[in-house]
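Protein chains: 4
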Amino acid sequence: MRMPAEGEWVLLLHRTGDKYLVRVEDREFQSSMGVLKLGELRKLQFGQTLKSHLGEEFLVLPPSLPDFFEKLKRAPQVVLPKDAAQVVAHTGVGPGDVVVDGGTGSGWLAIFLGNLVRPDGRVYTYEIREEFARVAEENIRKVGLEKIVTVKRRDIYQGIDEMEVDLVSLDVPEPHRVVAHAEKALKVGGYLVAFTPCVETLQQLYQALRGGRFAELKTIECLVREILVRPGATRPSTEMIAHTSYLTFARRI
Amino acid sequence: MRMPAEGEWVLLLHRTGDKYLVRVEDREFQSSMGVLKLGELRKLQFGQTLKSHLGEEFLVLPPSLPDFFEKLKRAPQVVLPKDAAQVVAHTGVGPGDVVVDGGTGSGWLAIFLGNLVRPDGRVYTYEIREEFARVAEENIRKVGLEKIVTVKRRDIYQGIDEMEVDLVSLDVPEPHRVVAHAEKALKVGGYLVAFTPCVETLQQLYQALRGGRFAELKTIECLVREILVRPGATRPSTEMIAHTSYLTFARRI
Amino acid sequence: MRMPAEGEWVLLLHRTGDKYLVRVEDREFQSSMGVLKLGELRKLQFGQTLKSHLGEEFLVLPPSLPDFFEKLKRAPQVVLPKDAAQVVAHTGVGPGDVVVDGGTGSGWLAIFLGNLVRPDGRVYTYEIREEFARVAEENIRKVGLEKIVTVKRRDIYQGIDEMEVDLVSLDVPEPHRVVAHAEKALKVGGYLVAFTPCVETLQQLYQALRGGRFAELKTIECLVREILVRPGATRPSTEMIAHTSYLTFARRI
Amino acid sequence: MRMPAEGEWVLLLHRTGDKYLVRVEDREFQSSMGVLKLGELRKLQFGQTLKSHLGEEFLVLPPSLPDFFEKLKRAPQVVLPKDAAQVVAHTGVGPGDVVVDGGTGSGWLAIFLGNLVRPDGRVYTYEIREEFARVAEENIRKVGLEKIVTVKRRDIYQGIDEMEVDLVSLDVPEPHRVVAHAEKALKVGGYLVAFTPCVETLQQLYQALRGGRFAELKTIECLVREILVRPGATRPSTEMIAHTSYLTFARRI
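Residue numbers (numbering that gives the first Met the number 0), protein chains in the order written: chain A, 0 to 252; chain B, 0 to 252; chain C, 0 to 252; chain D, 0 to 252.
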């Protein structure tokens, strides 16, 4: 296994499940299991362990994208991984695709999609609130996708600059106001997906989609329930998220 | 828009939603809306329309991966897109990853993953039943992923050849028999995912995982419900798939 | 155990799960397991068995209400037991209550409620379609609730005759048109419940309820999934009913 | 409307949804909306209002069973109304039935069933923990079902005293230990229902039921999701209870 580079993000995983995302730098880090000297990471390979001053061992791992997601700065409302993943199932978005993403927020969805379209695809994400745009750019750099994902300080209700786009993804309050722009931006056969928490928004969106060059309209909701598998006590978790957003898909024709 | 190449797979989409996956070749094709001369596709660009002998127009599109999935030869039990997509959410599998897939079946899951790891990643899918291996290879060629996805006539219960693997995905009757092999094959920080319809298999799998070098064990089920958005009559679909498989994730430490 | 009376409805249950609802009378009955002479029921007590001409044994049981429900003549759209039961949970409807039921259909819901308000309560169920009213009356007699449940050939959109009612239950296309009538008919503290498949009906209903003397408005949906518990193969059923109706509750103040 | 009797439980409902369960007695009660003199209830009829010292009006209502349920002393784990109601759907339990209930806890389920079997049925509920038995008896008196529901300080694992029972309901850690007793106690055609949170308990229960005189074995889980119907913002609630218990039904043959 290789060694982490200076300044690289590294996951520290304790056998209890506690985990931390830290950088290789000269710094002491206060974990729940004692102080960790992050400078010592320079002498370690991934797969080896870093000891706290209390002797507790943390496994040193290259972070996966889900690791980053747990630690990114979040906007209050955010598309969840369970829902973002359904976009892969319904649109086949993948390497090389060009994506326009409306309503950057914390950049979470743009990063999720950016990771999938690497190395030749691009994600252009539109945000008019400067404070969100800045948080998103920081998150994108942290994950190392700054060459793939671009934050644009533009109002997606006013138009989309890109053409021949494979996917337009919308997490904005009034997605029906973007339908005409998406129609122009999308390549024939390309997909639009919109995340909408309320039924009324859904109804407005359908009216706009039915008036445009879109087919294969479909709306789903996705529920994920955890199952706790314990010796002699296997059962579903007692709580779950009952609703985030409806997902609406449409295809440019 | 470009023109389809000779022999290339092309999607024909009618405004009623009827669709066909055909190749550019000298052949007459009997659709539900009249006979289509497929040779005429040579004169068309994507985005243009092909007329049947009844004058019905079909839009000519480059097929998306979901289009292929609907038309592939299927094995009786198959991981569904809604579930396959959760693997993206939980493991971050993406471009460049190396994946070992156990129990090829019709190759559907291997293709789904192969599409995501393009162009530098690879999927090695294990299958001992010759008839399935052959169907899978045919499906992989159809989708154009033959350089990414390799079908191996090997019993995954006997071992995994690959090393430093990012993801091991298991859709076999006894996934607990693959845990020790996956432990050797996976890189530290890599993920295992198993699809298991029954609770008893889940219990055996956890016993094996708890005895090995795995952490972050988690099991979920994913339910997707369609919402029918119609003027004045918006409501969930009356039927849904209530269960396919439990998805168990574990991480190599 | 007592013996069934002449003409009484009797449940015949085979160990395979096959079951029939028959009457004590001079008749031959063709079951899936051979011919049964129903006259022989006169010599049997409940709990004993009746043999077919092939020697197959059927257990003779007094039918439960769920047995009747499976065998009643049904209207195409019907409130399901899982949903009807939620009315008990949310309103506490029980012995002695007076219920007005709008949209009799096959009478199923009226019978369900009639069984619960016995012996001193009453259900008045409104139906304007003569063919449904007749089927409902037949079903009510079959179950033996003709003294409890009365079918009224009246349009509930035009008004409700009863006063000081404990519960108004609505399974009609436009429940908002009954809200003002229900307000007059219900006793203070009484409940209204409406079964509505579509969101738009729900929205109209809430507008009417908010304009009237109602409080504690609440809407739920109820999903029931079967679990198949088999040796070594315990798992949820692969299919389930994804939607019947939204249930809206409101309380007269 | 009648007047509440001295010492009777009365529901006070404010238009904000705040509600209190109080008795007619000489006492001052501190509500969230000011002090209420409960002695003044003697001069009021149900349907009239009681004013706090701040001038806030509370509607005076006869409490429904759900009102009582919200205010009863609860044991930590309790069968929820959504699940208890499914027993009505699957067994048809109703007026006149004799029920044996194992594991009284706070008495909630016994009260739910007691209310349904009134006035001629009976519920015998078994509890060995004295502190629970006392809380349950207090709750039963509060609801006014002391003539219908009897708490027995007996271990239901040791046996059931009653015979010709219509329903045995089990909310105990090891329901399989009660199956043989239930077989003796139940009348032919009667039902057993067991509430079990874990799959392993379910598997043991089925083994016992399959070894006994039971048919029509069925297990379900019931999920209830709230829908928030607000002008322009109709959507499901963001959280829900994902699991309480599996419900298993079996019928004595």
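Because the hints were derived from the structure by calculation, they are not lab data.
Check before you lean on any hint, since a few could be wrong.
Put simply, identical chains are the same to the list, so a pair is met inside one copy or across any two.
Computed cross-link-like contacts, DSBU-like style, restricted to lysine-lysine with a CA-CA straight-line distance of at most 30 Å [claimed, not checked]:
{"no.": "1", "residue 1": "Lys186", "residue 2": "Lys36"}
{"no.": "2", "residue 1": "Lys151", "residue 2": "Lys36"}
{"no.": "3", "residue 1": "Lys36", "residue 2": "Lys81"}
{"no.": "4", "residue 1": "Lys217", "residue 2": "Lys81"}
{"no.": "5", "residue 1": "Lys217", "residue 2": "Lys141"}
{"no.": "6", "residue 1": "Lys81", "residue 2": "Lys42"}
{"no.": "7", "residue 1": "Lys50", "residue 2": "Lys36"}
{"no.": "8", "residue 1": "Lys183", "residue 2": "Lys18"}
{"no.": "9", "residue 1": "Lys186", "residue 2": "Lys72"}
{"no.": "10", "residue 1": "Lys18", "residue 2": "Lys141"}
{"no.": "11", "residue 1": "Lys81", "residue 2": "Lys18"}
{"no.": "12", "residue 1": "Lys217", "residue 2": "Lys18"}
{"no.": "13", "residue 1": "Lys50", "residue 2": "Lys81"}
{"no.": "14", "residue 1": "Lys183", "residue 2": "Lys50"}
{"no.": "15", "residue 1": "Lys217", "residue 2": "Lys70"}
{"no.": "16", "residue 1": "Lys72", "residue 2": "Lys50"}
{"no.": "17", "residue 1": "Lys151", "residue 2": "Lys42"}
{"no.": "18", "residue 1": "Lys217", "residue 2": "Lys42"}
{"no.": "19", "residue 1": "Lys50", "residue 2": "Lys217"}
{"no.": "20", "residue 1": "Lys186", "residue 2": "Lys81"}
{"no.": "21", "residue 1": "Lys50", "residue 2": "Lys151"}
{"no.": "22", "residue 1": "Lys42", "residue 2": "Lys18"}
{"no.": "23", "residue 1": "Lys70", "residue 2": "Lys186"}
{"no.": "24", "residue 1": "Lys42", "residue 2": "Lys141"}
{"no.": "25", "residue 1": "Lys70", "residue 2": "Lys81"}
For each hint, the structure was consulted:
With identical chains, the CA atoms of Lys186 and Lys36 are at most 30 Å apart between copies only, with a shortest distance of 25 Å across copies and 51 Å within one. In the homo-oligomer, the alpha carbons of Lys151 and Lys36 never lie at most 30 Å apart, since the shortest distance is 38 Å inside one protomer and 46 Å across protomers. Within a single copy, Lys36 and Lys81 get their C-alpha atoms no closer than 36 Å, and across copies no closer than 43 Å, so neither meets the 30 Å cut-off. Taking identical chains as interchangeable, the C-alpha atoms of Lys217 and Lys81 lie at most 30 Å apart whether they share a chain (17 Å) or sit on different chains (14 Å).
Proximity of Lys217 and Lys141 under a CA criterion of 30 Å is satisfied inter-copy only: 26 Å between copies versus 35 Å inside one chain copy. With identical chains, the CA atoms of Lys81 and Lys42 are never at most 30 Å apart, being 37 Å at best within one copy and 43 Å at best between copies. For the homomeric pair Lys50 and Lys36, the shortest alpha-carbon distance inside one copy (8 Å) is at most 30 Å, but the shortest distance between copies (65 Å) is not. In this homomeric assembly, Lys183 and Lys18 come within 30 Å of each other (Cα to Cα) only across copies, at 23 Å, whereas the closest approach inside a single copy is 45 Å.
In this assembly of identical chains, Lys186 and Lys72 lie within 30 Å of each other by CA distance solely across copies; the values are 28 Å between and 33 Å within a copy. When the C-alpha separation of Lys18 and Lys141 is checked against a cutoff of 30 Å, the pair qualifies only within one copy, where the shortest distance is 17 Å, while the shortest distance between copies is 43 Å. With identical chains, the CA atoms of Lys81 and Lys18 are at most 30 Å apart both within one copy (21 Å) and between copies (29 Å). With identical chains, the CA atoms of Lys217 and Lys18 are at most 30 Å apart between copies only, with a shortest distance of 16 Å across copies and 39 Å within one.
Neither within a single protomer nor between protomers do Lys50 and Lys81 lie at most 30 Å apart by alpha-carbon distance, with minima of 35 Å and 41 Å respectively. Taking the closest pair of Cα atoms, Lys183 and Lys50 come within 30 Å of each other only across two copies (25 Å); inside a single copy the shortest separation is 56 Å, beyond that limit. In the homo-oligomer, the alpha carbons of Lys217 and Lys70 lie at most 30 Å apart only across protomers (19 Å), although the nearest pairing inside one protomer, at 32 Å, exceeds that limit. When the C-alpha separation of Lys72 and Lys50 is checked against a cutoff of 30 Å, the pair qualifies only within one copy, where the shortest distance is 27 Å, while the shortest distance between copies is 49 Å.
Proximity of Lys151 to Lys42 under the C-alpha cut-off of 30 Å is found in neither arrangement, the shortest distances being 40 Å within a copy and 39 Å between copies. Proximity of Lys217 and Lys42 under a CA criterion of 30 Å is satisfied in neither setting, with 53 Å inside one chain copy and 32 Å between copies. For a Cα distance limit of 30 Å, the shortest separation of Lys50 from Lys217 across copies, 26 Å, qualifies, whereas the shortest one inside one copy, 52 Å, does not. Proximity of Lys186 and Lys81 under a CA criterion of 30 Å is satisfied in both settings, with 27 Å inside one chain copy and 25 Å between copies.
In this assembly of identical chains, Lys50 and Lys151 lie within 30 Å of each other by CA distance neither inside one copy nor across copies; the values are 43 Å within and 42 Å between. For the homomeric pair Lys42 and Lys18, the shortest alpha-carbon distance inside one copy (20 Å) is at most 30 Å, but the shortest distance between copies (58 Å) is not. When the C-alpha separation of Lys70 and Lys186 is checked against a cutoff of 30 Å, the pair qualifies only between copies, where the shortest distance is 22 Å, while the shortest distance within a copy is 35 Å. Taking the shortest alpha-carbon separations for Lys42 and Lys141, only the intra-copy value of 22 Å comes in at or below 30 Å, while the best inter-copy value is 48 Å.
Proximity of Lys70 to Lys81 under the C-alpha cut-off of 30 Å is found in both arrangements, the shortest distances being 17 Å within a copy and 25 Å between copies.
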